[in-house]
Amino acid sequence: MDFTLTKEQLLIQKMARDFAQQAIKPVVEQIEKENAVPAEILQGLAELDLFGLAMPEQYGGANAGYESYVLAMEQIARVCTGPAMIISAHSLGLGAISNFGSDEQKAQYMPKSCKGEHIASFAFTEPGTGSDPKQLTTSAVKDGDYYVINGTKRFISNASYPGPLVLFAIESESGKPTAFIVDKLCPGYSVSQPWDKLGWHGGDLVDIYLKDVKVPAANVLGQAGDGYPILQYGIAYGKIGMNSVALGTTLAAYEEAVHYAKEKTHRGQPIAKFQAIQLKIAEIAMLYESSRWMAYRLGFLANKPKSYRDFAKEAALSKVVVGRNAMEAARHAMDIHGSYGLMNDYEIARIYRDAAMGPQVEGVLDMQKIIVAGDILFG
Amino acid sequence: MNIVVAMKQIPDLQQIRIRNRQPVLDDVPLTFGNIDKNALEAAVQLKEAAGGQVIVLCAGSAELEDTVKEALAAGADEARLVICEGELESSQSARLIAAAVKQMEAVDLILFGEGSGDNYSSQVSSRVAQILGLPQVAYANNIQAEGGALRVTRSLEDCEEILELQLPAVVSVTADINEARIPSVTQILKAGRKPKETLDIGQLGIALPAAGVETLSNLAPETERKQVVVKTVADLVKALETEGFGGRG
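In the order they appear, the protein sequences are chains A and B. The letter at position 229 of the first sequence is residue 239 when you use the numbering used here, and the numbering goes up by one with no holes. The letter at position 12 of the second sequence is residue 46 when you use the numbering used here, and the numbering goes up by one with no holes.
Everything labelled a hint here was simulated from the structure, so no lab data went into it. Here a beta-carbon is modelled for each residue, glycine too, at the ideal position from N, C-alpha and C. Check before you lean on any hint, since a few could be wrong.
Under the rule of at most 25 Å between Cα atoms (straight-line distance), these lysine to any residue pairs were calculated in the SDA-like manner [claimed, not checked]:
hint : chain 1 : residue 1 : chain 2 : residue 2
1    : A       : Lys272    : B       : Thr257
2    : B       : Lys228    : B       : Leu242
3    : A       : Lys122    : A       : Asn73
4    : A       : Lys274    : B       : Gln49
Listed next, the stretches of chain B that the computed footprint assigns to chain A, with coverage defined by at least 3 CB atoms under 8 Å from CB atoms of chain A [as the list claims (entries may be wrong)]:
hint : stretch
5    : 115-126
6    : 215-221
Restraint-style ranges between C-beta atoms, simulated for each label pair [what the hints assert, rightly or not]:
hint : chain 1 : residue 1 : chain 2 : residue 2 : range
7    : A       : Pro239    : B       : Ala84     : 52 to 58 Å
8    : A       : Leu15     : B       : Glu191    : 42 to 48 Å
9    : A       : Glu44     : B       : Ser155    : 46 to 52 Å
10   : B       : Thr232    : A       : Phe388    : 53 to 59 Å
11   : B       : Glu121    : A       : Lys379    : 52 to 58 Å
12   : A       : Ala383    : B       : Glu82     : 41 to 47 Å
13   : A       : Gln285    : B       : Asp60     : 24 to 30 Å
14   : B       : Glu119    : A       : Asp376    : 53 to 59 Å
15   : A       : Glu44     : B       : Glu180    : 44 to 50 Å
Given these sequences and hints, build the entire structure.
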């Protein structure tokens, strides 16, 4: 079992870190205030192939594998979670097309998305359901060579950017959940103002309103009435990106805690000299190390899963650990900062808010535990 | 234009820890110095403007075979590596680099960073130029190809000097010549497939001279606290301004 990163992986990690430090760090405050990632940052990420990092070369991707994806995303999120969230949601939507799309669908939708010219989305959640496909109300009624889609989707990432949207609706002929590829910004498609989130500023979550949106029947992803495997894929693979964002947040908390502990003085010496602070630093280090290897391992497993069901269990397990660890690490780092940590002048305030997001998005922690227990107890 | 960029493999300075006033180099990854990367970027930009090839040339330990991927990802077309273990002093590096260049065909320009990231002796470029009998310009912060010559701007203390340099020549660049590009994922993955030739000292046909200079210590100077006593806020502000702290960042 060799845990050494290859030279290529180290270079990809460094590439992401350098870009984040040089290009993103100077505008983090702007992203926080405006809740928007500047176009030049997205352009820079696209030029580095980060929008197609794990996608096949045949369709314009870099084919670097999901381990490298996790390494890169961690470094981006370490500086700012907004851009990382955009790439994460994009990779989920694009990955669904890559895994379940026909050759024609892949040829039509993947090249521009891999280059970052289009940004993909994945839309399951509705006001009435975040996890139960039986509660879906968005409808897709067959009308000749088209489907007419009506409904509302909630908390959808990247919905304001042009590009493909993998959307779940109840297909009229089968009466079952079906995945469709919708060209965003088409007639009948509109979005709400972004939700004012606690953290992950810059990565928009909006509601999508679909009013008589016409989609070619050829845009069914997979088979009509057979959307569940694609949903299962999405639930699992979405966690690779989410884990990476939480991991980057944990790393940021770690670094801020060490930096503050070495600089802040009490009675003439750095607070790092006091045991109470040392215990917290050790806790944060352990939280980071355990998260890190779980997140990296999930990236490794994602390249060749035994099955989507098996991978879903691994992803759920990993998400609980990494998401919870991010919150705990941020809490320890906040405690080290004391009341200064409550001031937005200090990075830890933003990191603390960002850490709170991971456990609640893409399936709450208790839902993940049910998936894990179900696999262990009932096979 | 065929350009050789001489780069030195060094420990990643950002990952070095100091223990008992000694650097801990165990498990520190190897990389190239920042100004060497500026030199490489300058070469790649010249190639993109005028055509040709960029060859990265390094002398150092066997880890170079991996480290050089960083340069190949950043735009070098191929690599020549002179493998020899142990620390190399500047005169030795210069001999090895010059000998390797002599074995290459049609080299128009040899670029260096003004100083390596670790020792910053700033000697190797001048020594190589002298051994090869080539003209040299140092402190270059701009290089333009014009026909078969180069127009080089030197950044000096209180002026800028513009020179015309006939090729072949040696130029060493400063950090402000450019901002080294960050390679994309695709460029990183393709780097390992670019041509690499490794040589040992025997293949260069030279004997390595004994080191003439030995580095005894390489640490930041210890500075005493200034212990400036201030009695008023105005005194404090003035003291801070004198030290270059202009107020809240």
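Checked hints:
no. : hint                              : verdict
1   : Lys272/A <-> Thr257/B             : 19 Å, holds
2   : Lys228/B <-> Leu242/B             : 29 Å, violated
3   : Lys122/A <-> Asn73/A              : 15 Å, holds
4   : Lys274/A <-> Gln49/B              : 23 Å, holds
5   : 115-126                           : violated (count 0)
6   : 215-221                           : holds (count 5)
7   : Pro239/A <-> Ala84/B: 52 to 58 Å  : 54 Å, holds
8   : Leu15/A <-> Glu191/B: 42 to 48 Å  : 44 Å, holds
9   : Glu44/A <-> Ser155/B: 46 to 52 Å  : 48 Å, holds
10  : Thr232/B <-> Phe388/A: 53 to 59 Å : 57 Å, holds
11  : Glu121/B <-> Lys379/A: 52 to 58 Å : 55 Å, holds
12  : Ala383/A <-> Glu82/B: 41 to 47 Å  : 58 Å, violated
13  : Gln285/A <-> Asp60/B: 24 to 30 Å  : 28 Å, holds
14  : Glu119/B <-> Asp376/A: 53 to 59 Å : 57 Å, holds
15  : Glu44/A <-> Glu180/B: 44 to 50 Å  : 45 Å, holds
Hint compliance for this structure: hints 2, 5 and 12 are broken, all remaining hints hold.
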